[in-house]
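**Q** Sequence:
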Amino acid sequence: AAAVFVNGGVAALCVAVIAVHYQRVFVEGPQQYCPQAQNASDMAHEMDAWVAQGHSRTNAYIVGFPHWVDVRAVGIWFGDIYFPNAVGKGIGAMDAAEVDLGGQPGWFALNVDDAESLLSLQARYPEGESRVVLGSQCSEKQFVVFTTP
4 AAAVFVNGGV AALCVAVIAV HYQRVFVEGP QQYCPQAQNA SDMAHEMDAW VAQGHSRTNA
64 YIVGFPHWVD VRAVGIWFGD IYFPNAVGKG IGAMDAAEVD LGGQPGWFAL NVDDAESLLS
124 LQARYPEGES RVVLGSQCSE KQFVVFTTP
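Every letter in the sequence shown is one number past the one before it in our numbering, and letter 77, counting from 1, is 80.
Note that these hints are calculated values from the structure, not bench results. You can trust all of the hints, since none of them are fake.
Quick list of the computed label-pair ranges, beta carbon to beta carbon: (1) V9 / H48: 43 to 53 Å; (2) G12 / H48: 40 to 50 Å; (3) C17 / Q145: 38 to 48 Å.
Predicted model only: the values in this text are computed from it and were never measured. Built from N, CA and C at the ideal position, the CB exists for glycine as well.
Go ahead and model the full structure; you've got the sequences and the hints to work with.
**A** Right, here's the structure in full:
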């Protein structure tokens, strides 16, 4: 009878520990992580998909925005920590619409709150297309991809 009681207690303790860890890892963890996380991997994935279509990475740009994503982190995901293509008035660099694409298609990742840069790109490339990309791990981590033909 004592063994049954001890085994029941151990089983109850295991269930309680699993429940606490589940709550911390799958509920509290994402709630704390997502607001602080960068979505550099998602940007790199989108850029890689565009490059895989036959486009040149030299015409792919991250449009900087204050307190957003580190361009080097995006570069790490595709193997180039020195990825130089950061533009945007928001970070004191040239406006995204001033980039010389050499007549080739262009790809730009923008913060969803950077209406100024998006409007600038749309004015320069009226035939361009924009779409919102949701974060793969944190859906609230959205960004805009603007492509030129």
